[in-house]
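Novice: With the hints as your guide, set chain B onto chain A.
Chain order of the listed sequences is A and B.
Using this note's numbering, the first residue of the first sequence is number 11, and each one after it goes up by one.
Using this note's numbering, the first residue of the second sequence is number 9, and each one after it goes up by one.
Pairs of lysine-lysine, DSS-like flavour, derived with a Cα cap of 25 Å: (1) K99(B) / K162(B); (2) K71(A) / K353(B); (3) K106(A) / K529(B); (4) K58(B) / K120(B); (5) K75(B) / K65(B); (6) K353(B) / K34(A); (7) K127(A) / K545(B); (8) K65(B) / K126(B); (9) K75(B) / K126(B); (10) K79(A) / K545(B); (11) K144(A) / K106(A); (12) K225(B) / K35(A); (13) K225(B) / K73(A); (14) K545(B) / K106(A); (15) K73(A) / K106(A); (16) K71(A) / K545(B); (17) K144(A) / K127(A); (18) K147(B) / K408(B); (19) K99(B) / K75(B); (20) K75(B) / K58(B); (21) K79(A) / K353(B); (22) K118(A) / K144(A); (23) K120(B) / K65(B); (24) K210(B) / K194(B); (25) K73(A) / K353(B); (26) K106(A) / K118(A); (27) K35(A) / K353(B); (28) K408(B) / K162(B); (29) K545(B) / K73(A); (30) K186(B) / K162(B); (31) K79(A) / K225(B); (32) K34(A) / K73(A); (33) K564(B) / K79(A).
To be clear, the hints were calculated from the coordinates, so they are not data collected in a lab.
A quick note: this is a predicted structure, and the numbers were derived from the prediction, not measured.
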Amino acid sequence: MIKNPTTPSDTITITLDGQPITAKKGEILLDVARRNGAFIPTLCHLDGLTPYGACRLCTVKVKHGSWSKFVTSCNYPIWDGLEVETATDEVNQNRKLVIEALLSRAPKAPVLQNLAKTYGVTTTRFPNLDPAEKCILCGLCVRVCDDVVGAHAIGFVGRGQDRRVGIHINDAACIGCGACSYVCPTDAIDMESVTVGHFRDRWGEDRPCRYSLMGLLPGSVCHNNYECWRCETDQTIMDLCQPVHPVFVARGIDNAGVRSVIRKMSVMIPPDHEDCDDGSTDEATAGQQSPPSDT
Amino acid sequence: MEPRNEATMQVLTNVADLDALRASLTGPQDDRPVVALCAGTGCRASGCMKVAEQFEKDLDDMGLTDKVRVVHTGCHGFCEQGPLVVFRLGKDQAVADADGNEHTNVFYPHVKPTRVRKLIEATIEQRHTVDQWLYREPKHNESVVAEQDIPFYKHQHRLVFDLNGQIDPTDIHDYIAKGGYQALAKVLGEQDPEGVIDQVTKSGLRGRGGGGFPTGKKWAECRSAPGSLKYVMCNADEGDPGAFMDRSVLEGNPHQVIEGMIIGSFAIDAHEGYIYVRDEYPLAVLHATIALEQAEKLGLLGDHILGSGHSFRIKVVRGGGAFVCGESTALMASLEGKMGEPRAKYVHTAREGLWGQPSNLNNVETWANIPLIINQGWEAFADLGTEGSKGTKIFSLVGKVQSTGLVEIPMGMSLREIVEDIGGGVATGTVKAVQTGGPSGGCIPEPLLDMPVDFDELTRVGSMMGSGGLIVMDRTTCMVDVARYFVEFLKGESCGKCVPCRSGLGLMHEILERICHGEGKLEDLDTLEEVGQWMSKTSLCALGTSAPNPVLSTLKYFRNEYEAHITEHRCPAGVCQALITYRVVAENCTGCGLCVRVCPTQALKGAPKEVPTLDPDTCIRCGACMEACRFDAIVRE
Numbered sequence: 011m012i013k014n015p016t017t018p019s020d021t022i023t024i025t026l027d028g029q030p031i032t033a034k035k036g037e038i039l040l041d042v043a044r045r046n047g048a049f050i051p052t053l054c055h056l057d058g059l060t061p062y063g064a065c066r067l068c069t070v071k072v073k074h075g076s077w078s079k080f081v082t083s084c085n086y087p088i089w090d091g092l093e094v095e096t097a098t099d100e101v102n103q104n105r106k107l108v109i110e111a112l113l114s115r116a117p118k119a120p121v122l123q124n125l126a127k128t129y130g131v132t133t134t135r136f137p138n139l140d141p142a143e144k145c146i147l148c149g150l151c152v153r154v155c156d157d158v159v160g161a162h163a164i165g166f167v168g169r170g171q172d173r174r175v176g177i178h179i180n181d182a183a184c185i186g187c188g189a190c191s192y193v194c195p196t197d198a199i200d201m202e203s204v205t206v207g208h209f210r211d212r213w214g215e216d217r218p219c220r221y222s223l224m225g226l227l228p229g230s231v232c233h234n235n236y237e238c239w240r241c242e243t244d245q246t247i248m249d250l251c252q253p254v255h256p257v258f259v260a261r262g263i264d265n266a267g268v269r270s271v272i273r274k275m276s277v278m279i280p281p282d283h284e285d286c287d288d289g290s291t292d293e294a295t296a297g298q299q300s301p302p303s304d305t
Numbered sequence: 009m010e011p012r013n014e015a016t017m018q019v020l021t022n023v024a025d026l027d028a029l030r031a032s033l034t035g036p037q038d039d040r041p042v043v044a045l046c047a048g049t050g051c052r053a054s055g056c057m058k059v060a061e062q063f064e065k066d067l068d069d070m071g072l073t074d075k076v077r078v079v080h081t082g083c084h085g086f087c088e089q090g091p092l093v094v095f096r097l098g099k100d101q102a103v104a105d106a107d108g109n110e111h112t113n114v115f116y117p118h119v120k121p122t123r124v125r126k127l128i129e130a131t132i133e134q135r136h137t138v139d140q141w142l143y144r145e146p147k148h149n150e151s152v153v154a155e156q157d158i159p160f161y162k163h164q165h166r167l168v169f170d171l172n173g174q175i176d177p178t179d180i181h182d183y184i185a186k187g188g189y190q191a192l193a194k195v196l197g198e199q200d201p202e203g204v205i206d207q208v209t210k211s212g213l214r215g216r217g218g219g220g221f222p223t224g225k226k227w228a229e230c231r232s233a234p235g236s237l238k239y240v241m242c243n244a245d246e247g248d249p250g251a252f253m254d255r256s257v258l259e260g261n262p263h264q265v266i267e268g269m270i271i272g273s274f275a276i277d278a279h280e281g282y283i284y285v286r287d288e289y290p291l292a293v294l295h296a297t298i299a300l301e302q303a304e305k306l307g308l309l310g311d312h313i314l315g316s317g318h319s320f321r322i323k324v325v326r327g328g329g330a331f332v333c334g335e336s337t338a339l340m341a342s343l344e345g346k347m348g349e350p351r352a353k354y355v356h357t358a359r360e361g362l363w364g365q366p367s368n369l370n371n372v373e374t375w376a377n378i379p380l381i382i383n384q385g386w387e388a389f390a391d392l393g394t395e396g397s398k399g400t401k402i403f404s405l406v407g408k409v410q411s412t413g414l415v416e417i418p419m420g421m422s423l424r425e426i427v428e429d430i431g432g433g434v435a436t437g438t439v440k441a442v443q444t445g446g447p448s449g450g451c452i453p454e455p456l457l458d459m460p461v462d463f464d465e466l467t468r469v470g471s472m473m474g475s476g477g478l479i480v481m482d483r484t485t486c487m488v489d490v491a492r493y494f495v496e497f498l499k500g501e502s503c504g505k506c507v508p509c510r511s512g513l514g515l516m517h518e519i520l521e522r523i524c525h526g527e528g529k530l531e532d533l534d535t536l537e538e539v540g541q542w543m544s545k546t547s548l549c550a551l552g553t554s555a556p557n558p559v560l561s562t563l564k565y566f567r568n569e570y571e572a573h574i575t576e577h578r579c580p581a582g583v584c585q586a587l588i589t590y591r592v593v594a595e596n597c598t599g600c601g602l603c604v605r606v607c608p609t610q611a612l613k614g615a616p617k618e619v620p621t622l623d624p625d626t627c628i629r630c631g632a633c634m635e636a637c638r639f640d641a642i643v644r645e
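Bound conformation, chain A alone (with noise of 0.2 Å):
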């Protein structure tokens, strides 16, 4: 029933809550959607990274003549003829019971507050297995660490409800650029306090800068015992690269204008690690198009 996209260059027409639009063939359902001002709600999507379809929220229901079926419309392409339905309320009950079950996972975290508050999502059935917890599964810091960063640091372990993020930080593949706790819609990862611990046990004595390791800065040595909310090159990046993150900034997804400045801040740097020589500027040119949005 699903026609496959072939280039998505052929402009279509398809039916968004009674509204014909024109979109181009193979787009996917939700761009085109939010382009349109329908509100879909998303917490494991993020422009720039791999779909997921992981929470499921933003599940809606296209139908074409007799045929109707829930799909997730952050990996669905579109085709002609195709009617969408993105917030009746078959595809809002099924929305707040995935607030629900977010919601007895993560009770405490605003977004999820925010979306039960929208949907009139009041109590939830489902079981707290870990009151402490506050990851909602949503992947973006694996997919951000293996699709922007390219450290392939973390990932997931074990299956069912013992599904988990592993952070293997004392592995050589984290290069400590905080990415995965900036994208994190829930705050799950505690990038200062606890993930700089490990990363500063990891490299002893000559410890490079983080932002040397991101590609930000020619090699350099951190003097200030990864304590970065002490360090003056940590907040003049941090302020430069404003809204985006720095590493974002590294793999050429933002701001050329930045770099630059970033470049000609390392004349401030102390002298260079010596395991991390010059050259390492250049490389920021990892292929993603767009900058990261608003969760």
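Specialist: Same frame as chain A, but now just chain B:
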């Protein structure tokens, strides 16, 4: 591993070579009496390899080694009767039974090494059956001599399984002698890929792995998908508890699967193939590997197969044991070396599958059907079955029936025929329900058992064909407990990626546990239905969308049992331990003291020759006392 057969292993460069090899294999030596000894996993577990050794030794002692051919075959399907031995004799070697009737096929169940000598003497030298060791059918308690007369086999229609009990799976020559690779020769020699796809489409073959997608349509889509690198895969990651048909086919007749895959690769224009088989099937892995080696040696795999322009190779990949890896996208992720979790299938595997290339994945049984369709013609295949489901299907018939095992039946046969005629009915009298489709199938109540086995019919009543599990339940089965069991299994096997499957199964399990403990509330049933619907509508993969089936179908057909648990705190089947009690019936008790001795928690106390007392607080309701009592003096309430 070299085949035992002394025929050559030279590369076959064309179809004539294959025909010549086949002709050389059907010579006079095959008139010897055959001892077909089941060496499948089931019979191995019951000690068939010791029986095999004994046959070798005794035949040697009797100087009959050259006069009798012993074949270690694959699974015959009747595993509960193992180790199985079938004597297949020529007309002039027939044996007489007690009534003087002659037989050329004699079936012996439960063969022990100590019985081997006598079996050989009786069958080969004295030419009569050993009546006390023959199979006795449970319904009338009469002995049956020939395999084909046993009700369990008589009502089956064995096509895919036909060669399983006849050939040695580790010897390619056995398969070739029985007409193996003839379909491949026909396809490569005379047909074009479109013609092959056309035949498969017209045959009406649908995927046997559970989805029931039309195979020909899948192949056509993969063939027409843009891309020069295409893959063909065989799904042998059978994970349903109690189901083992794919294992038995791959173990017992790997070449039929391989032949099907080569034909498929030709139709699709793929040059690389994978057999993804679970590592818990060591014999299937071994036999598939041996079969691939032998097929390569004969040039049936590799470059320019049988002198044609088609080249194809297959690798065996062992799965790591996750149930979800039987799902197509999770299987491919696992093949690619990633974590075995599913992804969205909005773009078909036929277009973007393994490593993003057009790919075709079929189940073991589907592949094994392909050579049959080519050999017999699609018309013969399409003649069998119902409007929407053609051919045969292998089921793993288990549960409370008298005869359990693997059964191959034509589509359209009724569930009642399978249970009553093949399975011999249930010992307790009446069937309560039949659960089809593995852990995520549904329970079909007794009044619906006359429905035909058909993909669409089973889905219509809230169950599914699945890969072919068939569990028969009677009055001693608690339907709430059944739902709880399957949900527990699926909860442990859910990958946890998507919210509905991960959280939904967690909540369902929690509720069902409570109901089984008599702590359920009536509104729990609404929650189960609501969450079940949500899961089936919005889960990411088929594991999640079908996982609520056991709950939803039992709620639909056996709601009264749920209500009895909740409102009356009673388990009608007497299964849920928290809701049952045992009582000593003083008038029946003889004071033998057996129950007191078997009680593991000393809950039963009493001096010899006295009626014992039962302490309900110490009793763990294991039922050991009731089983031990010979005077019906302990009852479960």
